[in-house]
Amino acid sequence: MTSPRKHRSPLRPIVVALFTAALSSAVVVGLFGVPRATAQPAPAAAAAPAAPAGLPWYEELANKPIEESGNFWFPKAVNKATDSSDMMFIAVLALSIFFFSAITFLVIYFVWKYRHRPGHKAEPSPAHHDVMEITWTILPTIIVVFLFYYGWRSYIHIVTPPQKAVEVNVRAKQWSWSFTHSNGYSDSDLHVPVDTPVRLVMTSDDVLHAFYVPVLRTKQDIIPRRYTYVWFQATKPGTYSLHCAEYCGTDHSQMGRKYDDKTKSWGRRAVIVVHEKGGYERYLAETGASNDPPEVLGRKLYDKKGCTSCHSVDGSTRVGPSFKGTFGQPVPLQSGGTVPMDENYIRESLMVPSAKARPGFPATAMPSFSGQLKEKEIEGLIAFIKSLQ
Amino acid sequence: MATTQTKHQDGPENEPDFLSIHDGKPLGQRIVGWLTTLDHKRIGMMYLYGILISLIVGGVFALLVRTELWSTGKTLVEQNTYNKFFTLHGAVMVFLVIIPGLPAALGNIILPVQLGAPDVAFPRLNLASFYLWLIGALMLVIAIPFGGLDTGWTLYTPYSLKTQTPVLVAVLAVFILGFSSIFTGLNMLVTIHKFRPQGMGWFQLPLNAWAIYATAIMQVLATPVLGITVGLLAVERFAHIGIFNPQLGGDPVLFQHFFWFYSHPAVYIMIIPAMGVISEMISVFSRKPIFGYRFIAYSSVSLALLSFLVWGHHMFVSGQSRLANMVFSALTFSVGIPSAIKVFNWVSTLYKGDIRLKTPMIYVLAFLLIFTIGGLTGLFLGILSVDVHLHDTYFVVAHFHYVMMGSTLVAFLAALHYWWPKFTGRMYTESIARMCAIGVFFGFNATFLPQFILGSRGMPRRYWDYDPQYTTLHQISTIGAFVLGISMFVAVINLIMSWWNGKRAPRNPWGGTSLEWQAPSPPTLYNFEKPPVIHEIYNYDDLVEVEEDRWERRAPIAVEPSKLKVEDAHTRETVPVEKVEATAAPSSSAPGDDEPGPTATAVEPSSEDDK
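Quick note, the sequences are listed as chains A and B, same order.
Going by this note's numbering, the final residue of the first sequence carries number 389, and the count climbs one at a time with no gaps.
Going by this note's numbering, the final residue of the second sequence carries number 611, and the count climbs one at a time with no gaps.
For the record, the hints were derived by calculation from the structure and aren't laboratory data.
What you are looking at is a predicted structure, and each value in this text was computed from that prediction instead of being measured.
From the three backbone atoms N, C-alpha and C, an ideal C-beta is built for every residue, glycine too.
Fair warning: there could be bad hints in the mix.
Unchecked claim - Label pairs and their calculated CB-CB ranges: (1) A:His-128 to B:Arg-504: 35 to 45 Å; (2) A:Asn-169 to B:Gln-320: 17 to 27 Å; (3) B:Lys-530 to A:Ile-142: 45 to 55 Å; (4) B:Met-497 to A:Trp-112: 23 to 33 Å; (5) A:Val-352 to B:Gly-73: 30 to 40 Å; (6) B:Phe-489 to A:Ala-355: 27 to 37 Å; (7) A:Gly-337 to B:Phe-146: 24 to 34 Å; (8) A:Asn-169 to B:Leu-254: 23 to 33 Å; (9) B:Phe-489 to A:Lys-264: 38 to 48 Å; (10) A:Leu-55 to B:Gln-247: 29 to 39 Å; (11) A:Gly-288 to B:Gly-73: 28 to 38 Å; (12) A:Glu-123 to B:Leu-35: 23 to 33 Å; (13) B:Lys-530 to A:Phe-146: 51 to 61 Å.
Please put together the full structure from these sequences, using the hints given.
Put into structure tokens, the structure is as follows:
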């Protein structure tokens with residue numbers, strides 16, 4: 001076993017290790033070719049029949065089941081700006097599997113070959129070896145220099161939007177999204193055109209959030225009182241999931257989810273809808289010309305502005321009190337006493353939520369809507385709450 | 001030196017055996033003796049009990065988190081409760097378990113003995129450090145009945161300024177724990193500088209001492225920043241002065257800079273001592289000198305220094321500037337190189353060894369593979385463009401668990417099994433311990449390997465609810481977590497059971513060369529009955545296994561007289577060479593030698609004797 005050819009024996013396991021490593025690395029990278037079968041329409045499909053038939057077409061699109069299955073490692077990639085980051089991932093994965101397999105092979109081989117057994121003794125071997133040590137210092141250095149350089153280059157591409165891009169304003173708050181388009185319309189789902197650069201200008205009303213769409217491979221923290229940006233160019237139309245990636249409290253995992261009053265259950269979360277060619281223009285045209293009666297407008301705002309995540313309309317208590325049957329009733333105050341719930345109370349609660357907070361509900365949980373609602377919209381919300389008797 | 005005298009006045013003289021299980025005193029006096037002790041081993045033992053209890057608390061929270069994630073939506077608890085679970089899991093594990101685990105508990109018990117010293121440099125500071133830890137730990141746990149913290153252990157602003165949960169109590173706890181850590185660091189620095197015996201130069205130090213030294217540098221330099229940060233957070237929370245609160249003109253991202261300026265070095269406070277104990281054990285159980293001693297020693301210190309320069313890689317998508325991202329990405333990669341070389345050094349140490357798969361060695365091999373995965377997945381996160389996708393997903397969760405849990409905690413378990421016979425004087429049941437080690441390895445990988453895939457598929461972290469396509473991987477992970485939890489629990493129980501059923505440990509059960517193996521097991525009050533003899537570190541040539549788990553130094557090194565220089569010839573125990581041949585026969589040395597009896601009380605501190 002231990003041959004007298006002293007010079008060859010240390011090299012042989014290393015060569016075998018490198019070969020094994022290359023093989024296993026190829027196998028794992030091969031998993032990129034394996035499509036991932038993910039049938040996941042179950043919950044969305046259950047909710048689908050309950051959805052009222054009268055929804056506009058763009059809402060129907062947003063309600064469609066999310067279809068983003070990719071390969072073993074990733075959901076499908078639909079962002080032209082981040083093509084290179086998947087390539088980087090694959091490259092580093094191959095590299096990592098290579099080194100890991102080589103090290104694992106050597107550890108197992110050495111442990112087996114030099115295991116303690118009768119008659120076996122440790123043989124003297126050098127306590128350091130200059131050539132080897134220099135090699136394994138320089139080699140990782142060269143590798144990481146390359147990794148850093150290519151990572152940096154593709155990163156610059158990810159964060160540099162082209163001159164002409166569709167802009168959407170994003171406001172994140174606990175625990176809903178508001179996407180405002182060029183026509184002034186605010187939606188709780190993000191609608192964007194396909195094959196067009198889109199730039200989001202984002203800010204938060206309360207705490208840190210982060211915009212994260214796995215299929216776009218992009219992410220950016222959202223900070224209160226400051227704008228941060230993210231851009232992408234979606235390449236495939238469809239409905240994809242959209243997450244908050246920076247911990248923001250109770251409903252962090254469910255930012256922007258909808259409550260269905262009819263089925264009394266929580267429905268889907270916020271999504272990003274990538275429209276077919278021409279779809280986004282239609283979306284803008286139809287949402288811009290909204291002339292709803294106040295009650296209907298209020299109902300829409302209740303959904304779009306995220307009221308639904310804290311206030312129910314069926315009398316159940318969430319983070320905040322329910323709207324149902326409250327109008328005209330006396331409201332107990334944290335400071336003691338009561339005030340009647342009238343138009344002025346609603347208005348003040350929208351502008352300065354902590355002014356007349358109710359006991360049992362955290363006064364700081366609700367953000368102020370001061371400056372964010374038009375006069376007509378406030379009237380709409382009041383009319384909506386009035387209607388919930 | 002004068003310390004000798006002082007030591008005698010201060011020291012708990014009336015305790016013959018540091019464990020004091022059978023000193024015949026009434027229970028009350030024994031308890032007071034423990035609580036007011038200045039003996040580093042007793043303080044270390046108290047730390048160890050506290051850390052093991054915290055480990056169980058943090059582990060229960062971890063299992064609750066994993067159980068909740070068994071299915072989408074609600075499995076066990078509502079969102080707010082889940083948020084408290086993962087916060088407390090993180091805070092308890094980081095601040096109460098892995099930061100003090102190796103340096104304060106095992107470091108305290110073992111390091112002075114490894115240096116042949118009677119105690120640490122500042123015994124009173126050492127005791128103070130333990131009580132600060134205890135107060136901080138109690139405060140952190142007391143925060144639970146008062147509503148529990150729900151900010152995540154990172155305490156990011158402005159959420160931590162808005163939440164209704166007791167942030168002030170928690171940050172005060174963190175502040176106090178920080179001082180505990182600083183005191184330990186100071187003590188270790190001074191001890192390693194001043195308490196080395198004559199003849200033990202820096203490069204004859206065990207690598208564990210180098211690692212503790214590097215850790216201590218970071219503890220002393222970085223922890224004050226954490227103190228300032230949580231101090232500012234507390235002031236901001238009750239006085240609203242507008243440092244971090246954007247509504248008052250503050251900058252919430254500034255908090256992240258402050259926080260990670262401590263918490264990134266803290267990652268190395270956790271991992272470098274692990275590297276130190278691994279270097280010790282891999283050499284001992286391979287019966288081979290450690291490969292590249294100097295490099296491992298230097299790389300500990302260089303990692304400690306570099307770790308101050310990479311905090312920004314936690315903030316690649318936080319909105320910090322591109323230039324900052326570029327610089328931090330480049331510096332982050334530079335940290336990878338010393339870590340990689342350490343792995344190569346450890347693997348090379350195995351080469352041509354005589355490898356004994358005792359329990360600590362199984363943990364060491366598990367550490368090698370786990371740390372390699374943890375290090376390599378760090379490459380993904382260091383690459384800016386890939387990090388944009390992986391940041392704040394389960395990929396990051398898996399990565400830092402591979403480094404902090406898989407590496408540090410596995411190294412902690414290894415070290416615990418390695419030195420347990422030394423400081424308790426009892427051998428644990430080897431077969432159960434080995435099975436647990438294997439269970440820990442497979443349970444750990446089953447828990448966290450799927451999380452890498454979850455992360456690259458886009459599952460964000462700190463999520464109570466998730467999309468249905470992630471269910472299978474989450475369930476594998478949860479099963480793995482229970483295998484891991486049960487294995488660790490049984491491993492600890494097995495250790496504790498050895499108090500009752502373990503056989504007496506000899507002085508040197510593993511054949512180590514560092515000085516602690518010359519002390520009795522458990523060590524006497526001042527660690528050694530007679531001054532230890534300094535042999536060449538990591539040279540196993542004249543150690544002989546006289547019976548299972550019992551090594552003795554027999555033959556003088558005849559071949560290399562130059563290496564004998566460091567030794568005190570007159571204290572060296574020489575045994576005729578012929579005896580070495582007759583190893584099969586049971587050793588003729590009296591077994592009673594290893595038992596610390598009442599005769600061992602007349603001890604003198606040893607390190608002063610080489611004058």
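Earlier hints that do not hold, by number = 6, 12
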